[in-house]
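Each chain, written out:
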Amino acid sequence: MTDPGTVAVILFLVMTLLLASGIWVAVSLLSVGFVALFFFSPAPAGSLLASTVWDASWNWALTALPLFIWMGEILFRTRLSENMFRGLSPVVGRLPGGLLHVNILGCGVMAAVAGSSAVTCATVGRMSVPELKRRGYDERLTIGTLAGSGTLGLLIPPSIMLIVYGVIAQVSISRLFIAGVLPGIMLILLFMAYVAVRAWMDPKVAPPFTERLDLREKILRALNLIPVLLLIALVIGFIYGGLATPTEAATMGVVGALILAASSGSLTWASFTDALMGAVRTSTMIAFILAGAAFLSIAMGFTGVPRVIAAEVDSWSLSPYQLLVVLTLLYILLGCFLDGVSMMVLTASVVLPMVDAAGIDLLWFGIYTVIVVEMAQITPPVGFNLFVLQSLTGRDILRITAASAPFFFLMLLGIVIIVAVPGIVLWPVELMVSR
Amino acid sequence: MRRALDTLYVGAGVLSGLFLVGIAVTIIAQVVGRMAGFTIDSTETAGFCLAASTFLGLAYTLRRGGHIRVTLAIRHAGPTVRKVIEGWCLLVAAGGMAYFLYWSVDLVWFSWRFDEVSPGLMAIPFWIPRLAMAVGALILLIALLDDFVGLWLQDEPSYEANAERILPTEDEVGPSPVTLAKDAEAGAR
Chain R
1 MTDPGTVAVI LFLVMTLLLA SGIWVAVSLL SVGFVALFFF SPAPAGSLLA
51 STVWDASWNW ALTALPLFIW MGEILFRTRL SENMFRGLSP VVGRLPGGLL
101 HVNILGCGVM AAVAGSSAVT CATVGRMSVP ELKRRGYDER LTIGTLAGSG
151 TLGLLIPPSI MLIVYGVIAQ VSISRLFIAG VLPGIMLILL FMAYVAVRAW
201 MDPKVAPPFT ERLDLREKIL RALNLIPVLL LIALVIGFIY GGLATPTEAA
251 TMGVVGALIL AASSGSLTWA SFTDALMGAV RTSTMIAFIL AGAAFLSIAM
301 GFTGVPRVIA AEVDSWSLSP YQLLVVLTLL YILLGCFLDG VSMMVLTASV
351 VLPMVDAAGI DLLWFGIYTV IVVEMAQITP PVGFNLFVLQ SLTGRDILRI
401 TAASAPFFFL MLLGIVIIVA VPGIVLWPVE LMVSR
Chain H
1001 MRRALDTLYV GAGVLSGLFL VGIAVTIIAQ VVGRMAGFTI DSTETAGFCL
1051 AASTFLGLAY TLRRGGHIRV TLAIRHAGPT VRKVIEGWCL LVAAGGMAYF
1101 LYWSVDLVWF SWRFDEVSPG LMAIPFWIPR LAMAVGALIL LIALLDDFVG
1151 LWLQDEPSYE ANAERILPTE DEVGPSPVTL AKDAEAGAR
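Chains R and H, in that order, are what the protein sequence lines are. Counting with my numbering, you get residues 1 to 435 for the letters of the first sequence. Counting with my numbering, you get residues 1001 to 1189 for the letters of the second sequence.
Extracted from the complex, chain R is given alone in its bound form (with noise of 0.2 Å):
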């Protein structure tokens, strides 16, 4: 058996290999993986290859994310885009910044609905780069709020990785639920922030805002949004209050999203079979990367190279913050090859212990784990935020990644805040659990 440490560098250079040179990511993941079993481990690689591909494709909780991305298609089809901005543009467009707020905004409603970042990133994202690049925006700024705010929808509920977390922690999903809030609102506020300042300090990235609108106007403008937050409100209501799946409460959000589109009058065959097969591509194409990931993990896994280096990591005996910064470069340097999910389920079974007996709580360790994630995703060369919005756009994954860097910046902000102050994941389940 090679060591795994001489093995992390060759996959790691194999991965980098097929990526750079433009192989499909999915083929990519799928043939790594391909490579760490059959050369690196004594398991069969064909065979595995095939069970794990197929138990990936028709997972229970999978079947969300179809179809919210099918809402999103019809949504997107109806006025929503138009309706978002006319609705939230005279809200923020005052504000140093303008409209990039809509994009952090957007994509804080929309993560509520998609769970999943790529799917919101990809759902917002298809509405508004039209319209900010219509408006003449900076498209730095542009993508950098549209990737970073993407992310929210990992931490925001109904949040997948959070569910997979609860599952291998064993920590109450709906707790997690509820302590993602406080954090996701404090995300939000940043990445505002943010951009507050970049526009205060450059007016040229945000044009400014020239309509007057007398507040009857605007009145009206913000009611044509009412439909669709209702819709929203309805799906999360839904999952909160335990009366449904994320899966039924998906299909709701479609047979919702229908019915509004048909109301609105903007339903037509045509728009229906091109909703339709919109979200065929962009589903296709996140399940086939997501079953590429699952045969790498396993993998990955079976060469022993994932947990080798936590287990470096554990020889070193850190005082709890030693550990969270040692653990937040791993997790950035595994994001890089690695999704979020296989992230953690990989480290899981050796961090988990490791932190349990630093007295981290296992709770809020859950969300810094998934805003690490978070960072993650646009974190090259694998970064599922940065893939979608590459497809988005047709810019390269450099220029990309360089929009979102600031935004990676502001999570690590993030990270350090809820270090120095617990209370923000913690408080609202304390008052949770005390009733």
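In short, the hints are calculated from the structure, not lab data. Ideal Cβ positions, reconstructed from N, Cα and C, are used throughout, including at glycine. All clues given are correct.
Partial chain H-side listing against chain R, Cβ under 10 Å, derived:
| id | residue |
| --- | --- |
| 1 | Val1014 |
| 2 | Ser1016 |
| 3 | Ala1046 |
| 4 | Thr1054 |
| 5 | Tyr1060 |
| 6 | Thr1061 |
| 7 | His1067 |
| 8 | Ile1068 |
| 9 | His1076 |
| 10 | Glu1086 |
| 11 | Val1105 |
| 12 | Tyr1159 |
Knowing the structure of chain R, use the given hints to seat chain H on it.
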């Protein structure tokens, strides 16, 4: 031949869409069933629809440029180098897919031979939904080979020619702030 292949990709794509609708339909059946007092377990059928939708949509999504990849090197390469890199991408992907197809067929055969059924209420024989995985992999393999052949006959592979973009693609190297004026210029070209 060209028409037959395109029909195959689009046909599989439409099936993929129908299976996506199928997820919603099974869920609605479950909810309605629950309200009417009888049990329909759609956990598995929804999962099977999801898998079928994903695999049958693979080739269609490829042709429409829906699968994500890092295009940095390719965008900046000259026409000849670019063709070589595209050829390499297509060959690696086709090789990988052929391997995956072989083992998918093996898995289908295995589940058929040993009568593997799903653990849920419906006890669906596993070979049926797994067949979608093998068929989808086969169609994707055909599409990759199709593009590999096409690479020598035409300038651009289908997934680059048909890709949808919201912002205009940039031809020049390096970051430059894109202004409205430049877009107007690009639009006029």
